[in-house]
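Here the protein sequences come in this chain order: H and S. Quick note: the first sequence, position 175, residue 175 per full-length UniProt numbering, numbers continuous. Quick note: the second sequence, position 170, residue 170 per full-length UniProt numbering, numbers continuous.
To be clear, the hints were calculated from the coordinates, so they are not data collected in a lab. The beta carbon of each residue, even a glycine, is placed where N, CA and C say it ideally should be. Treat the hints with caution; some may be incorrect.
Partial list, computed: chain H residues near chain S (C-beta under 7 Å) [to be verified]:
hint, residue
1, 35
2, 124
3, 126
4, 139
5, 154
In the SDA-like style, the derived pairs of lysine to any residue whose C-alpha atoms are separated by at most 25 Å in a straight line are [said to hold, decoys possible]:
hint, chain 1, residue 1, chain 2, residue 2
6, S, 223, S, 176
7, S, 144, H, 23
8, H, 148, S, 130
9, S, 114, H, 153
10, S, 144, H, 157
11, H, 17, S, 157
12, S, 196, S, 142
13, S, 17, H, 9
14, H, 148, S, 127
15, H, 144, S, 176
16, H, 15, S, 16
17, S, 192, S, 176
18, S, 17, H, 12
19, S, 58, H, 11
20, H, 196, S, 161
21, H, 196, H, 95
22, S, 114, S, 89
23, H, 144, S, 94
24, S, 144, H, 91
25, H, 58, H, 23
26, H, 166, S, 196
27, S, 144, H, 3
28, H, 144, S, 95
29, H, 114, H, 166
30, S, 58, H, 196
31, S, 15, H, 3
32, S, 58, H, 42
33, S, 21, S, 59
34, S, 144, S, 197
35, S, 196, S, 186
These stretches of chain S come out as covered by chain H in the derived footprint (C-beta under 8 Å, 3 or more residues) [what the hints assert, rightly or not]:
hint, region
36, 50-57
37, 124-134
38, 157-170
39, 187-196
2 protein chains.
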Amino acid sequence: MLTEERHVIILNLLKEKEVVKIHELTEVTGASESTIRRDLTDLENAELLRRVHGGAAKVSRKRTEPTMDEKTNLFSEEKRAAGRLAASLIEDNDCLFIDAGTTTLSMIPFIQAKNIVAVTNGFDHLRLLAEYGFEAYCTGGRLKESTKAMTGTGAVHGLQQYWFDKAFLGVNGIHLTAGYTTPDPEEAAVKKEAFKRAQQSFFVADASKFQESTFAHITELDKAIIVTGKITDNLRRMFEEKTDIKEALT
Amino acid sequence: MLTEERHVIILNLLKEKEVVKIHELTEVTGASESTIRRDLTDLENAELLRRVHGGAAKVSRKRTEPTMDEKTNLFSEEKRAAGRLAASLIEDNDCLFIDAGTTTLSMIPFIQAKNIVAVTNGFDHLRLLAEYGFEAYCTGGRLKESTKAMTGTGAVHGLQQYWFDKAFLGVNGIHLTAGYTTPDPEEAAVKKEAFKRAQQSFFVADASKFQESTFAHITELDKAIIVTGKITDNLRRMFEEKTDIKEALT
DNA sequence: GGAGTATGATTGTTTGTGATTGATTTTGAA
DNA sequence: TTCAAAATCAATCACAAACAATCATACTCC
Numbered sequence: 001m002l003t004e005e006r007h008v009i010i011l012n013l014l015k016e017k018e019v020v021k022i023h024e025l026t027e028v029t030g031a032s033e034s035t036i037r038r039d040l041t042d043l044e045n046a047e048l049l050r051r052v053h054g055g056a057a058k059v060s061r062k063r064t065e066p067t068m069d070e071k072t073n074l075f076s077e078e079k080r081a082a083g084r085l086a087a088s089l090i091e092d093n094d095c096l097f098i099d100a101g102t103t104t105l106s107m108i109p110f111i112q113a114k115n116i117v118a119v120t121n122g123f124d125h126l127r128l129l130a131e132y133g134f135e136a137y138c139t140g141g142r143l144k145e146s147t148k149a150m151t152g153t154g155a156v157h158g159l160q161q162y163w164f165d166k167a168f169l170g171v172n173g174i175h176l177t178a179g180y181t182t183p184d185p186e187e188a189a190v191k192k193e194a195f196k197r198a199q200q201s202f203f204v205a206d207a208s209k210f211q212e213s214t215f216a217h218i219t220e221l222d223k224a225i226i227v228t229g230k231i232t233d234n235l236r237r238m239f240e241e242k243t244d245i246k247e248a249l250t
Numbered sequence: 001m002l003t004e005e006r007h008v009i010i011l012n013l014l015k016e017k018e019v020v021k022i023h024e025l026t027e028v029t030g031a032s033e034s035t036i037r038r039d040l041t042d043l044e045n046a047e048l049l050r051r052v053h054g055g056a057a058k059v060s061r062k063r064t065e066p067t068m069d070e071k072t073n074l075f076s077e078e079k080r081a082a083g084r085l086a087a088s089l090i091e092d093n094d095c096l097f098i099d100a101g102t103t104t105l106s107m108i109p110f111i112q113a114k115n116i117v118a119v120t121n122g123f124d125h126l127r128l129l130a131e132y133g134f135e136a137y138c139t140g141g142r143l144k145e146s147t148k149a150m151t152g153t154g155a156v157h158g159l160q161q162y163w164f165d166k167a168f169l170g171v172n173g174i175h176l177t178a179g180y181t182t183p184d185p186e187e188a189a190v191k192k193e194a195f196k197r198a199q200q201s202f203f204v205a206d207a208s209k210f211q212e213s214t215f216a217h218i219t220e221l222d223k224a225i226i227v228t229g230k231i232t233d234n235l236r237r238m239f240e241e242k243t244d245i246k247e248a249l250t
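With the hints as constraints, model all of the structure from the sequences given.
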């Protein structure tokens, strides 16, 4: 039996079970323990499994390398805090919409909930959701290169196939009278549609977005919940009179 | 026995099994070990299999390295030739569908036409189209991680917003009686819808796909044009009786 | 007939294998 | 907890299998 054949057998066994024992593998393959050990060492180096005493175990999908990068390097501390807080609002079996944008992107590495389904119009979001092993859907639509978001009627049309438990939306302005706003009307149309189709909507934003207003209106302030990093006492007092705010502690 | 015949035998054996042994191949073909080794070296250079100690293994089509220069490094000479030929069929102002799959991916760097609009269900295709400055749309749908294709009703639904001048489709089997086929019925549904909505459809494939048939039917042989790399005289004669074939010269 | 290619045999070298060793980890009973 | 037996481990060895390189022969296409 070829080395390659044994490798295939070992990996296939590991698709069905969490762990395989060395003794088990010697029986299935007819090879000696030494050979199996060498196989396991090779496969571990290729990051296709993880060695454990007495055999080998599945390498979990969620432990891919981007984890560290994304969690520690890619985003500012403030964005990560807001992302972590937003991710904690997701429950098992939720059907989600996750909007394009860096603030919503930062929540994905922190999602702990199991068995969720996520629809997104963000190119990187789609990739990241799949990398972390979540069931990922894409809205479709025109790829706007500057923001790597899919927008326009294609995206709205794609959204109309789904209903959501929760929508996590990015936003550029959160204003006491103007409500939630964003500069691009095409993106606003997508956010509006997602908002309409979700039982609960969350606008995830950092402190710089408060008391700003931009061109295109999405919805009124009290129709959604704000998720944010640390903000000033003043801002908090002003906005929590009008709507729910969830503020990250750190 | 001709070199070409042995190559076909070897590749066919590898479609059914994960690995083949050299000794096995000497028995089937009657050739010496040296000859088989040379065959395997050739086929490995064409990226149609992967050599392993004692034989050869299926080539896994994972792992695209996005930082490489796609024109020179990412694809085999055969794939590039087919891609270049397919790209040359695109005219200015065309509205295109470009299917997911490595063969169709290889055409994107060669597209010279101006002012085109391209819709795709391939994740990498979307990125590459945008990188090369084309107007890129995405069908949407569920991201199938293994192939990085978006499929299912979401993708079909997304497609129904568009009509195409030309559709470039990937395929796993091109068979004289079974027509064009692919293993996954969900992907077949997407290809079918794209085929239906295009004035002209092209199936882009390498030589190994000829006279193969897989599970899900897409359409009949004479309803589309085949774009391929170099194939044997025998194959060309058989297929050009039934439909148009465009074969890359090199 | 001669240039170019494909083939099979032979060579010395490299790689994969199973057995053996003593070291390390796990287990279970005191 | 502590200790000893059992299981598992990494390291090493010698042998066998597979390897690339080379050569001489047979074939094909001008």
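Hint-by-hint comparison with the structure:
1. At its closest, the beta carbon of residue 35 of chain H sits 13 Å from a beta carbon of chain S; the interface hint therefore is violated under the 7 Å criterion.
2. Interface hint status for residue 124 of chain H: violated, as the beta-carbon distance to the closest one in chain S is roughly 10 Å, over 7 Å.
3. Because the smallest distance between the Cβ of residue 126 of chain H and any Cβ of chain S comes to about 6 Å, under 7 Å, the interface hint for this residue holds.
4. Interface hint status for residue 139 of chain H: upheld, as the beta-carbon distance to the closest one in chain S is roughly 5 Å, under 7 Å.
5. Interface restraint check for residue 154 of chain H: the shortest CB-CB distance to chain S comes to about 6 Å, inside 7 Å, so the restraint holds.
6. Proximity of residue 223 of chain S to residue 176 of chain S is assessed by CA-CA distance (about 12 Å); at most 25 Å being required, the pair is judged to hold.
7. For a cut-off of 25 Å, the pair hint linking residue 144 of chain S to residue 23 of chain H is broken: about 35 Å separates their Cα positions.
8. A hinted pair counts as satisfied when its Cα atoms are at most 25 Å apart, and residue 148 of chain H with residue 130 of chain S qualifies at roughly 9 Å.
9. Annotation: proposed proximity of residue 114 of chain S to residue 153 of chain H holds, straight-line Cα distance about 24 Å (limit 25 Å).
10. Taking the CA atoms of residue 144 of chain S and residue 157 of chain H, the gap is about 21 Å. The hint holds against a cut of 25 Å.
11. Distance restraint check for residue 17 of chain H and residue 157 of chain S: the Cα-Cα separation of roughly 37 Å exceeds the 25 Å cut-off, and the hinted pair is therefore not satisfied.
12. For a cut-off of 25 Å, the pair hint linking residue 196 of chain S to residue 142 of chain S stands: about 21 Å separates their Cα positions.
13. For the suggested pair residue 17 of chain S and residue 9 of chain H, the alpha carbons sit about 12 Å apart, so the restraint of at most 25 Å is met.
14. Taken as a hint, the residue 148 of chain H and residue 127 of chain S pair is honoured in the structure, with Cα atoms around 9 Å apart against an allowance of 25 Å.
15. With a C-alpha separation of about 42 Å, the suggested pair residue 144 of chain H and residue 176 of chain S falls outside the 25 Å cut-off, and the hint is violated.
16. With a C-alpha separation of about 20 Å, the suggested pairing of residue 15 of chain H with residue 16 of chain S holds against the 25 Å cut-off.
17. Pair hint residue 192 of chain S plus residue 176 of chain S holds up; C-alpha atoms about 18 Å apart against a cutoff of 25 Å.
18. Note on residue 17 of chain S and residue 12 of chain H: the hinted pairing holds, with a Cα-Cα distance of about 14 Å set against a maximum of 25 Å.
19. For the proposed pair residue 58 of chain S and residue 11 of chain H, the alpha carbon gap of about 15 Å is at most 25 Å, so the pair holds.
20. Straight-line distance between C-alpha atoms of residue 196 of chain H and residue 161 of chain S comes to about 22 Å, which keeps the hinted pair within the 25 Å bound.
21. Simply put, residue 196 of chain H and residue 95 of chain H have alpha-carbon atoms about 14 Å apart, close enough for the 25 Å limit, and the pair holds.
22. Note on residue 114 of chain S and residue 89 of chain S: the hinted pairing holds, with a Cα-Cα distance of about 13 Å set against a maximum of 25 Å.
23. Taking the CA atoms of residue 144 of chain H and residue 94 of chain S, the gap is near 20 Å; set against the 25 Å cutoff, the hint holds.
24. At most 25 Å may separate the alpha-carbon atoms for a hinted pair to count; residue 144 of chain S and residue 91 of chain H meet this at roughly 23 Å.
25. In summary, the hint linking residue 58 of chain H to residue 23 of chain H is supported, as the alpha carbons are separated by about 17 Å, within the 25 Å threshold.
26. Between residue 166 of chain H and residue 196 of chain S the CA atoms are separated by roughly 36 Å; this puts the pair beyond 25 Å, and the hint is violated.
27. Note on residue 144 of chain S and residue 3 of chain H: the hinted pairing is violated, with a Cα-Cα distance of about 30 Å set against a maximum of 25 Å.
28. Proximity of residue 144 of chain H to residue 95 of chain S is assessed by CA-CA distance (about 18 Å); at most 25 Å being required, the pair is judged to hold.
29. Taken as a hint, the residue 114 of chain H and residue 166 of chain H pair is honoured in the structure, with Cα atoms around 15 Å apart against an allowance of 25 Å.
30. A distance of roughly 48 Å separates the Cα atoms of residue 58 of chain S and residue 196 of chain H; the hinted pair therefore is violated under the 25 Å criterion.
31. The hinted pair formed by residue 15 of chain S and residue 3 of chain H meets the criterion: a straight-line CA distance of about 19 Å does not exceed 25 Å.
32. Proposed proximity of residue 58 of chain S and residue 42 of chain H is supported: the alpha carbons are some 18 Å apart, at most 25 Å.
33. For the given pair, residue 21 of chain S sits about 15 Å from residue 59 of chain S by alpha-carbon distance, which is consistent with the 25 Å threshold.
34. Pair hint residue 144 of chain S plus residue 197 of chain S holds up; C-alpha atoms about 23 Å apart against a cutoff of 25 Å.
35. For the hint linking residue 196 of chain S to residue 186 of chain S, the alpha-carbon distance of about 16 Å falls within 25 Å, and the restraint holds.
36. Against chain H, the region 50-57 of chain S contributes 5 residues with a C-beta closer than 8 Å to a partner C-beta. That satisfies the three-residue criterion, and the hint holds.
37. Counting residues of the region 124-134 of chain S whose C-beta sits closer than 8 Å to any C-beta of chain H gives 4, which meets the bar of three, so the coverage hint holds.
38. Check on the region 157-170 of chain S: 3 of its residues sit with their Cβ under 8 Å from a Cβ of chain H, so the three-residue criterion for coverage holds.
39. Counting residues of the region 187-196 of chain S whose C-beta sits closer than 8 Å to any C-beta of chain H gives 0, which falls short of three, so the coverage hint is violated.
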